[in-house]
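Fit chain W to the known structure of chain Z by using the hints.
As a plain string of letters, each chain reads:
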Amino acid sequence: MLNTISRGLRLFAGAMIAATFVFQASAADAQSISQGGRDSGQYIPTIWVDPDGCEHWAMDDGAEGYMTPHVSRQGIPVCRRGNVCGVMNTDQFFKTNSYRISPQGHARLAQFFQSTGAISYIISGHTDNRASDEYNMSLSLNRANAVAAVAAQTGARIADVRGYGERMPAAANNTSAGMAQNRRVEIICIR
Amino acid sequence: MFKTKILTVTACAFGLTACGAGYSPDKSIDRGIFDKKHLSQLQAGIWVDPNGCDHWIIDDGVEGYLSARLDKYGKPVCSGVAQPTYTVGDFKGGSRLADPN
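Protein chains in written order, with the numbering used here: chain Z, 3 to 193; chain W, 20 to 120.
Bound-form chain Z, shown alone (with noise of 0.2 Å):
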């Protein structure tokens, strides 16, 4: 009976030290001790693309889903598609330096808000890069505002409205086209 009982004690401290010896050689490849280990640490995830066309990192680990933006390491989302619905060039809207819109443009713009019906708009103005930074803030701004305001008379909800100046060139501004191309009001259609 005393054998049996030291016989099994014997066994048991044996399983302790063998159980030691295992948690320690699967403890070197776990991240963590939850998951009894199993846990690589390593989570290779997949894209999802969402309906405005711009990428989300996404994983499935088991019975929990995690999601985050895709973007670059400045912070802009990698997408796509845009869902850039309007570019206005400003030459046909502004007289150089001003933010009135004519009265043609104001026509044009009032007809494209209605028959355009997005839930709402995001506007954005944009210069070259002739005049400095400060200034071109503050005219992008004044144009964008001015869009806005024929927007909110149609009837359109805008989201937003923003003057990025010169910092968001959509072309080089060594060449007069390429200037004229950044002269602008972009419109995001949210759909």
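No lab work stands behind these hints: they were computed from the structure.
Mixed in with the good hints, there may be bad ones.
As the list claims (entries may be wrong) - Stretch-level coverage of chain Z by chain W, calculated; a stretch enters the list once three of its residues show a Cβ under 8 Å from a Cβ in chain W: (1) 44-51; (2) 88-97; (3) 101-111; (4) 140-150; (5) 154-168; (6) 177-186.
Unchecked claim - Here are the computed distance ranges between Cβ atoms for each label pair: (7) Gly71(W) with Gln106(Z): 34 to 44 Å; (8) Gly112(W) with Glu66(Z): 49 to 59 Å; (9) Ser59(W) with Asn91(Z): 33 to 43 Å.
Nothing here was measured: the structure is a model prediction, and the numbers come from that model.
C-beta atoms are modelled at their ideal positions from N, C-alpha and C, and glycine is treated no differently.
Chain W in isolation, oriented as in the chain Z frame:
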């Protein structure tokens, strides 16, 4: 040696230690029995946060996903599509797996 092997197998069976190579690092697939799919197939709706800004929301059976809706400049999209804290769209439509919510 033989004894150690038996103990390892037993410990594995009780979930005490690693069985084989561990979990796959590939997290791109929903391995659910009823709603198995590649995650590119997820169906989203919009959830409006208390500040009024949009997020993509997905209820995919036992997994939930939430990710910010951003415009091309990286700013939040606050479209006004619904009142803050409300949702829009059939964001539970992507999985046939029934869960309480």
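Per the coverage rule (Cβ-Cβ under 8 Å, at least three residues), is the region 140-150 of chain Z covered by chain W? violated (count 0)
Counting residues of the region 88-97 of chain Z whose CB is closer than 8 Å to a CB in chain W, do you get three or more? violated (count 0)
At a Cβ distance under 8 Å, does chain W reach at least three residues of the region 44-51 of chain Z? Holds, because 8 residues of the region 44-51 of chain Z bring their Cβ atoms closer than 8 Å to Cβ atoms of chain W.
Can you let me know if the beta-carbon spacing of Gly112(W) and Glu66(Z) is within 49 to 59 Å? Violated: the Cβ-Cβ distance is about 20 Å, outside 49 to 59 Å.
How about the region 177-186 of chain Z: do at least three of its residues have a C-beta closer than 8 Å to a C-beta of chain W? violated (count 0)
Taking the CB of Gly71(W) and the CB of Gln106(Z), does the distance hold inside 34 to 44 Å? Given range 34 to 44 Å: holds, Cβ gap about 35 Å.
Chain W over the region 101-111 of chain Z, status - at least 3 residues with CB closer than 8 Å: violated (count 0)
Do three or more residues from the region 154-168 of chain Z put their C-beta atoms closer than 8 Å to C-beta atoms of chain W? holds (count 5)
At the C-beta level, are Ser59(W) and Asn91(Z) separated by a distance inside 33 to 43 Å? The hinted range 33 to 43 Å holds for Ser59(W) and Asn91(Z), with Cβ atoms some 37 Å apart.
Of the numbered hints stated above, those contradicted by the structure are hints 2, 3, 4, 6 and 8, listed in ascending order.
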